[in-house]
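S.K.: Letter by letter, the chains look like this.
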Amino acid sequence: MTMHGMRGLSVFISDIRNCQNKEQERLRIDKELGNVRNRFKNEKGLTPYEKKKYVWKMLYIYMLGYDVDFGHMETVSLISAPKYPEKQVGYIATSCLLNENNDFLRLAINTVRNDIIGRNETFQCLALTMVGNIGGREFAESLAPDVQNLLLSSSCRPLVRKKAALCLLRLYRKNPDVVNVDGWADRMAQLLDERDLGVLTSSMSLLVALVSNNHEAYWSCLPKCVKILERLARNQDVPQEYTYYGIPSPWLQVKTMRALQYFPTIEDPSTRRTLFEVLQRILMGTDVVKNVNKNNASHAVLFEALALVMHLDAEKEMMSQCVALLGKFIAVREPNIRYLGLENMTRMLMVTDVQEIIKRHQAQIITSLKDPDVSIRRRALDLLYGMCDVTNAKDIVEELLQYLSSADFTMREELSLKAAILAEKFAPDLSWYVDVILQLIDKAGDFISDDIWFRVVQFVTNNDDLQPYAAAKVKEYIDKPAVHETMVKVSAYILGEYSHLLARRPGCSPKEIFSILHEKLATVSTTTIPILLSAYAKILMHTQPPDQELQSQIWAIFNKYESCIDAEIQQRAVEYLALCQKGAALMDILAEMPKFPERKSSLIKRAEYSEADTAEQSATKLRAQQQTSNALVVTDQYPANGVTLRISVGQLSLIKVPSMITTENDTSTDQALSQQNGSLSKVDPQPPSVDLLSDILGPFAVEGPPGATVQSEHIAVSGLEGGSDAVDGSAIVPVEEHTNTVQPIGNIAERFHALCLKDSGVLYEDPYIQIGIKAEGRGHHVHLVLFLGNKNTAPLVSVHAIILPPAHLKMEFSLVPDTIPPRAQVQCPLEIVNLRPSRDVAVLDFSYKFGTNMVNVKLRLPAVLNKFLQPIQVPAEEFFPQWRSLSGPPLKLQEVVRGVRPMPLPEMANLLDSFRIMICPGLDPNPNNLVASTTFYSESTHAMLCLVRIETDPADRTQLRMTLASGDPSLTFELKEFIKEQLISIPTARSPAPAPKAPPTAQPTPQIPPNDPAAILAGLLS
Amino acid sequence: MIHFVLLISRQGKVRLTKWYSPYSQKERTKVIRELGGVILSRGPKLCNFVDWRGFKVVYKRYASLYFCMCIDQDDNELEVLEIIHHFVEILDRYFGSVCELDLIFNFHKAYYILDELLLAGELQETSKKTVARLIAAQDSLVETAKEQQGSISNIIAQATK
Chain A
1 MTMHGMRGLS VFISDIRNCQ NKEQERLRID KELGNVRNRF KNEKGLTPYE
51 KKKYVWKMLY IYMLGYDVDF GHMETVSLIS APKYPEKQVG YIATSCLLNE
101 NNDFLRLAIN TVRNDIIGRN ETFQCLALTM VGNIGGREFA ESLAPDVQNL
151 LLSSSCRPLV RKKAALCLLR LYRKNPDVVN VDGWADRMAQ LLDERDLGVL
201 TSSMSLLVAL VSNNHEAYWS CLPKCVKILE RLARNQDVPQ EYTYYGIPSP
251 WLQVKTMRAL QYFPTIEDPS TRRTLFEVLQ RILMGTDVVK NVNKNNASHA
301 VLFEALALVM HLDAEKEMMS QCVALLGKFI AVREPNIRYL GLENMTRMLM
351 VTDVQEIIKR HQAQIITSLK DPDVSIRRRA LDLLYGMCDV TNAKDIVEEL
401 LQYLSSADFT MREELSLKAA ILAEKFAPDL SWYVDVILQL IDKAGDFISD
451 DIWFRVVQFV TNNDDLQPYA AAKVKEYIDK PAVHETMVKV SAYILGEYSH
501 LLARRPGCSP KEIFSILHEK LATVSTTTIP ILLSAYAKIL MHTQPPDQEL
551 QSQIWAIFNK YESCIDAEIQ QRAVEYLALC QKGAALMDIL AEMPKFPERK
601 SSLIKRAEYS EADTAEQSAT KLRAQQQTSN ALVVTDQYPA NGVTLRISVG
651 QLSLIKVPSM ITTENDTSTD QALSQQNGSL SKVDPQPPSV DLLSDILGPF
701 AVEGPPGATV QSEHIAVSGL EGGSDAVDGS AIVPVEEHTN TVQPIGNIAE
751 RFHALCLKDS GVLYEDPYIQ IGIKAEGRGH HVHLVLFLGN KNTAPLVSVH
801 AIILPPAHLK MEFSLVPDTI PPRAQVQCPL EIVNLRPSRD VAVLDFSYKF
851 GTNMVNVKLR LPAVLNKFLQ PIQVPAEEFF PQWRSLSGPP LKLQEVVRGV
901 RPMPLPEMAN LLDSFRIMIC PGLDPNPNNL VASTTFYSES THAMLCLVRI
951 ETDPADRTQL RMTLASGDPS LTFELKEFIK EQLISIPTAR SPAPAPKAPP
1001 TAQPTPQIPP NDPAAILAGL LS
Chain B
1 MIHFVLLISR QGKVRLTKWY SPYSQKERTK VIRELGGVIL SRGPKLCNFV
51 DWRGFKVVYK RYASLYFCMC IDQDDNELEV LEIIHHFVEI LDRYFGSVCE
101 LDLIFNFHKA YYILDELLLA GELQETSKKT VARLIAAQDS LVETAKEQQG
151 SISNIIAQAT K
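Taken in order, these protein sequences are the chains called A and B.
Every letter in the first sequence is one number past the one before it in our numbering, and letter 797, counting from 1, is 797.
Every letter in the second sequence is one number past the one before it in our numbering, and letter 71, counting from 1, is 71.
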């Protein structure tokens, strides 16, 4: 090996490597960049060698992630250097630093062309490589003929021709017109006769691109592809250097089979027979071997063969053979094969007649839904989604529901959306559908987008039989102490409409229903209150004979909200109050909602739309299915906290009010009244722009606006009154008094505790603002974004946010704008670096002004110790040596903890799990003990393994003994104290329902490993 | 096709990047940060594929280095996994039991080799022997040029003495 030294470059790289921290590195790099810039400026004195050296340095700096925005000219100019070494650097550095849209690149086209048409083979290679890697449209137009000549030239050696083939492929991708189909098809076929396998491999890639756009023109290539495949599969005449672990170029085999998949069918019987013989051979003859590379290579070929068989729609026998193979694959230990087995089974679903055979593997697929690898879990979810039909929908959806509670957060949204779609598509009966959606809301309310609950309302409204059932069901849920806000919304709606159908049942009198609903009012946000108010009005209307007490209670509430700051709430309160006082008219106005016009679900519509979309793009029809699922996830990015609903309600009142003003002197009275009585299907009430919500806009359109039927002046007046009240108040009370008169919505401490366990959610909310948070962690870095959302139609001013970081966190906070515009959301990124272990917490000091209210809150930020943990499963053979080597204080600490909140062991395991401390099953044979491990990241400790053992006393659950070990004394101490705090006082917040998440680890029947670690553990602990 | 190749160390340091699809500087930085986070945090016994923004990333860890290649959804994953291994074997043969340090100090060499292996995001040469021969030829071209350079400056030095 020759290492021509470039001392300056090596010294520079060493310097960079010796930098102690990022700051030093930055300084060193700035210095070097300054130097290079200077040298480039006085180009005269620069030798080619020096120029080359500086370009390499730039490239290295660029690779480290620094912006190098100069020197492009110098780099490109090296291309025209006469000597090979400089030219080489010029070409390679240019293709790394620049992309196809760079202007400097265009300047070089002529030089590049001269190199391509020149006689120097090595220059040709350099030029073709660069054009092949970064050439754009202009290169395609001016160079394609020359490149084609090189590819076809008999005087060119293979090393040039294979580059020419791929270079042409690039140019063809940039502009398909550069390859003239008529002339090129025969030449392409000739190229497939090539003996050199390097040239043939490159040409095959070119063919794949060509046939993917136009298979008809390249028919003559088909038999040749089959011949090539046969030659390779039988290992005839393949040079030794082109076999890979004994397999004749697996890559060329894969590419050839890929090309064949673009031909719709093979008509010639003998070609077809030959191909099927080869495929059969591959299917049957691929064994699992020890060598991992050989295994991968042979399975790469096998999976491509499977795809080709599926494409050719082979006889049923061969198909079931394929499914059988895949069935074997999804159960093997090798994760890659398991992943590909699931993926290909999903593709297979598109082939007719095999669904039934695939269904036999349902149990195994469901097991994969719990695989430790998220990549595999996703494939399993896709497959289950794809294979679901009426016969197995119940099983699959129930599996998904069950899995939902333990699924990681990144998958929950996709999971719940898919479950909702399947439940709707394949529901055997509608009550089951209602059950599923309510369970979804109950288990994963945060991930349920509004259109899911809109849809259930629509079903219930349109099906009379379903109404009492749905009402009874939501009542069961809303009876629970802590329910998700979405559940409150759907319950309020359904109970408002249909609870009178239950009136005879115990506990379902209007009064009782009202009080159950009203209990929730204090806990919900402003978007839900209007729905509750509507429900109250409806309940009151249905109460026959009228109940004076209930009436005065509800009127009092309307009265209270008449001056609410939120326009929507205020309007409803005013309107309902006025309507109630109208007496009999109320019955008509608040009559049951009319049926919805039958519409396709927007969820399913979206699914189908994206299916059509992708089917067009992908050449093999088989791929469509799984791309669909991706599209679905992406489209649904709403934070599930009712933002969409609020917007829809607002828009609707605006749209409907004009046509609904039915005061006596209005001319449009008759028309409007007839609409009101439910002939909604005639007049489409929704603006076309809010397509997403189209399913549900109907009901609110009628419900909101009845208020407008009263006198419009009344509303205006009451609005004014509300406003002037506030102003008057402020005149009397000194301004300071107003500080923090705003009540937060929800419990701040509970929100904080919840956010300690999850990555995103609401940190703080009051009637004016909502502060959301989203965290993304990597090692000792956490990237956090604060979302400041103004909920009102007026701006929030004097917004200040200061972060008070504890000593162990380095925090960089971007500036917060002084004003947040109406209904706008501001995002403020916050970069956090963990320097060392500590339990201290950062505080956000936040203040703003709304009207005369000055609000100031101090909020703890959930950048707590456990956010810098990464769960890790340590096997016995690594655990015990570690445990042993960390002997005694200060690295290993033990403490007997008393006053522990009693909880069953699985719950404790879940608690640890939720703090990213992973239970290691089977290490401790005593079923009363837990052994767990995690990795802690900070700048001082780097990634450090922490080991935990908790011994509980089944006789006395309030005490336990805890042993902590890590390589850092302060980490051991802090983590011990941290866990202790969690065990002693567990936040009584809405518990994130950890119970169903019992990992197998927590089962009290751990397996005892052969070398009895009990003895080891006991010996070490004593 | 392969959209890009990334070599990242366990500490998240970039050792080589090659982009076959046009990405702006900003996008490149973002991709590296994002993918680094995803891949470095994956445990050892998981599969070598990651779904990422509608693409797939095939990666494999060799000692302290992660080799990653980003491909289309419907490309053959195992084929690409073995392209990675093929690349590593060629590096190994060239450097003689290659390690991360070799690739740090001779990153330009790694680029030369990659350019003989991949072009336009497609596999160009599957014979290790051929790649080795081509790289050796390039090296000797550079050496020859250097010697010539040396002798010319000698002559000049002699003449101007």
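These are computed hints drawn from the structure, not numbers from a lab.
Accuracy of the hints is not assured; some may be wrong.
[To be verified] Residues from chain A that face chain B, not an exhaustive set, calculated with beta carbons under 8 Å:
{"no.": "1", "residue": "241"}
{"no.": "2", "residue": "359"}
{"no.": "3", "residue": "563"}
{"no.": "4", "residue": "564"}
[Claimed, not checked] On the chain A side, residues computed to face chain B include the following (Cβ under 7 Å):
{"no.": "5", "residue": "56"}
{"no.": "6", "residue": "63"}
{"no.": "7", "residue": "80"}
{"no.": "8", "residue": "81"}
{"no.": "9", "residue": "84"}
{"no.": "10", "residue": "104"}
{"no.": "11", "residue": "162"}
{"no.": "12", "residue": "166"}
{"no.": "13", "residue": "196"}
{"no.": "14", "residue": "243"}
{"no.": "15", "residue": "246"}
{"no.": "16", "residue": "300"}
{"no.": "17", "residue": "336"}
{"no.": "18", "residue": "429"}
{"no.": "19", "residue": "778"}
Even glycine gets a Cβ: it sits at the ideal position worked out from N, Cα and C.
S.K.: Each hint needs a verdict: does it hold in this structure or not?
M.R.: Quick rundown of the hints versus the structure:
1. Annotation: residue 241 of chain A was flagged as interfacial toward chain B, and the flag holds, the nearest CB pair being 4 Å apart, inside 8 Å.
2. The criterion of a C-beta within 8 Å of any C-beta in chain B is not met by residue 359 of chain A, whose closest approach is roughly 24 Å, and the hint is violated.
3. The beta carbon of residue 563 of chain A is not positioned within 8 Å of any beta carbon in chain B (closest approach about 48 Å), and the interface hint is therefore violated.
4. A cut of 8 Å between beta carbons decides the hint on residue 564 of chain A: the least distance to chain B is about 43 Å, and the hint is violated.
5. Checking residue 56 of chain A against chain B by beta carbon gives a least distance of about 6 Å; that is within 7 Å, so the hint holds.
6. With 7 Å as the threshold, the beta carbon of residue 63 of chain A comes within range of chain B, its nearest partner Cβ sitting at about 5 Å, so the hint holds.
7. The interface hint given for residue 80 of chain A is broken, as the beta carbon of that residue sits about 16 Å from the closest beta carbon of chain B, more than 7 Å.
8. The closest approach between the C-beta of residue 81 of chain A and any C-beta of chain B is roughly 11 Å, which is over the 7 Å cut-off, so the hint fails.
9. Satisfaction of the interface hint for residue 84 of chain A is found here, the shortest Cβ-Cβ separation to chain B being roughly 5 Å, below the 7 Å cut-off.
10. Taking 7 Å as the C-beta contact cut-off toward chain B, the hint placing residue 104 of chain A at the interface is violated, the least distance being around 14 Å.
11. Contact between residue 162 of chain A and chain B, as hinted, is supported at the beta carbon level, the nearest pair being about 6 Å apart and thus within 7 Å.
12. With a cut of 7 Å, the hint placing residue 166 of chain A at the interface with chain B holds, because the nearest CB-to-CB distance is about 4 Å.
13. The closest approach between the C-beta of residue 196 of chain A and any C-beta of chain B is roughly 9 Å, which is over the 7 Å cut-off, so the hint fails.
14. The criterion of a C-beta within 7 Å of any C-beta in chain B is not met by residue 243 of chain A, whose closest approach is roughly 9 Å, and the hint is violated.
15. For residue 246 of chain A, the interface hint is violated, since its Cβ never comes within 7 Å of a Cβ in chain B; the closest pair sits about 13 Å apart.
16. Evaluation of the residue 300 of chain A hint against chain B yields a held restraint, the C-beta minimum of about 4 Å falling below 7 Å.
17. At its closest, the beta carbon of residue 336 of chain A sits 5 Å from a beta carbon of chain B; the interface hint therefore holds under the 7 Å criterion.
18. For residue 429 of chain A, the interface hint is violated, the least distance from its beta-carbon to any beta-carbon of chain B being 35 Å, above 7 Å.
19. This hint holds: residue 778 of chain A has a C-beta 4 Å from the nearest C-beta of chain B, less than the 7 Å allowed.
Violated hints, listed in ascending order, are 2, 3, 4, 7, 8, 10, 13, 14, 15, 18; each of the other numbered hints is respected by the structure.
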